[in-house]
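Asks: Sequence:
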Amino acid sequence: MERKPNARTRRLTQLALLLALVLIMSYTPLGYLPVGPLVLSLLTIPVAVGAIVMGPASGAILGGAFGLTSFFNAVRGGGGMTSIFFTLNPLGTFLLCFGARLAMGWLCGLVYRAARRLWPQRRRLCCAIGGLAAPLLNTLLFMGLLVLLFYQTDYVQGLVAEMGAANPFVFVVGMVGIQGLVEALLGCLVGAAVTAPLLRVVER
Numbered sequence: 001m002e003r004k005p006n007a008r009t010r011r012l013t014q015l016a017l018l019l020a021l022v023l024i025m026s027y028t029p030l031g032y033l034p035v036g037p038l039v040l041s042l043l044t045i046p047v048a049v050g051a052i053v054m055g056p057a058s059g060a061i062l063g064g065a066f067g068l069t070s071f072f073n074a075v076r077g078g079g080g081m082t083s084i085f086f087t088l089n090p091l092g093t094f095l096l097c098f099g100a101r102l103a104m105g106w107l108c109g110l111v112y113r114a115a116r117r118l119w120p121q122r123r124r125l126c127c128a129i130g131g132l133a134a135p136l137l138n139t140l141l142f143m144g145l146l147v148l149l150f151y152q153t154d155y156v157q158g159l160v161a162e163m164g165a166a167n168p169f170v171f172v173v174g175m176v177g178i179q180g181l182v183e184a185l186l187g188c189l190v191g192a193a194v195t196a197p198l199l200r201v202v203e204r
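Under our numbering, the letters of the sequence shown match residues 1 to 204, in that order.
In case anyone wonders, no lab produced these hints; they're calculated from the structure.
Among the clues, some could well be false.
As the list claims (entries may be wrong) - Taking CB as the label site, the calculated pair distances span:
| hint | residue 1 | residue 2 | range |
| --- | --- | --- | --- |
| 1 | Leu17 | Glu162 | 34 to 44 Å |
| 2 | Thr28 | Gly177 | 16 to 26 Å |
| 3 | Gln157 | Ile24 | 31 to 41 Å |
| 4 | Pro197 | Ala114 | 15 to 25 Å |
| 5 | Phe169 | Leu110 | 22 to 32 Å |
| 6 | Gly164 | Thr28 | 32 to 42 Å |
| 7 | Arg8 | Leu91 | 30 to 40 Å |
| 8 | Gly77 | Gly164 | 21 to 31 Å |
Just so you know, even glycine gets a beta-carbon here, dropped at the ideal spot from N, CA and C.
Model the full assembly from the supplied sequences, consistent with the hints where possible.
Replies: Okay, structure coming up:
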């Protein structure tokens, strides 16, 4: 009689599949879409799926993998703005790319758990909230660290002058713009449409 895989093996398999998806997306046009000086990232989607289905720790692992690919892109000159930051402050760029994404994955899982406690019978709504949290947290943490670490650099001040931004908040809003709305919308839709059915399968 064939033995069913135990919960730990199943969890590791799911995590490995999502890690593979993160890596595939990272090195194909599916993962990073250049939009002006920033890069539209769809990698928050597999991170959100893992954080919702498997919890904050798995979200942190997937977010960390996302962050490492972002940092490697910066190092090799394919990261847009982050590649410029790497020439100015390599350690700060690592914190910006890796630290923000690791925290994003972990917090996304916590947001989903909090939503489930508030609305235990509204699984799809909670999944949509968790999916929405990933891109919003990614934007908030990334841009927050960018302002903290790089706002006073000549490069960013040049962008500030071009935009006519009166303060860091206006600068962040101007930089994120439509990109942030698109990422948030995709995260919310995927959270509701994909993770809710996955959770039912996993729980069985």
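Asks: Each hint should be assessed against the structure and marked as holding or not.
Replies: Verification of the supplied hints:
no., hint, verdict
1, Leu17 / Glu162: 34 to 44 Å, "holds (42 Å)"
2, Thr28 / Gly177: 16 to 26 Å, "holds (25 Å)"
3, Gln157 / Ile24: 31 to 41 Å, "holds (37 Å)"
4, Pro197 / Ala114: 15 to 25 Å, "holds (22 Å)"
5, Phe169 / Leu110: 22 to 32 Å, "holds (25 Å)"
6, Gly164 / Thr28: 32 to 42 Å, "holds (36 Å)"
7, Arg8 / Leu91: 30 to 40 Å, "holds (36 Å)"
8, Gly77 / Gly164: 21 to 31 Å, "holds (29 Å)"
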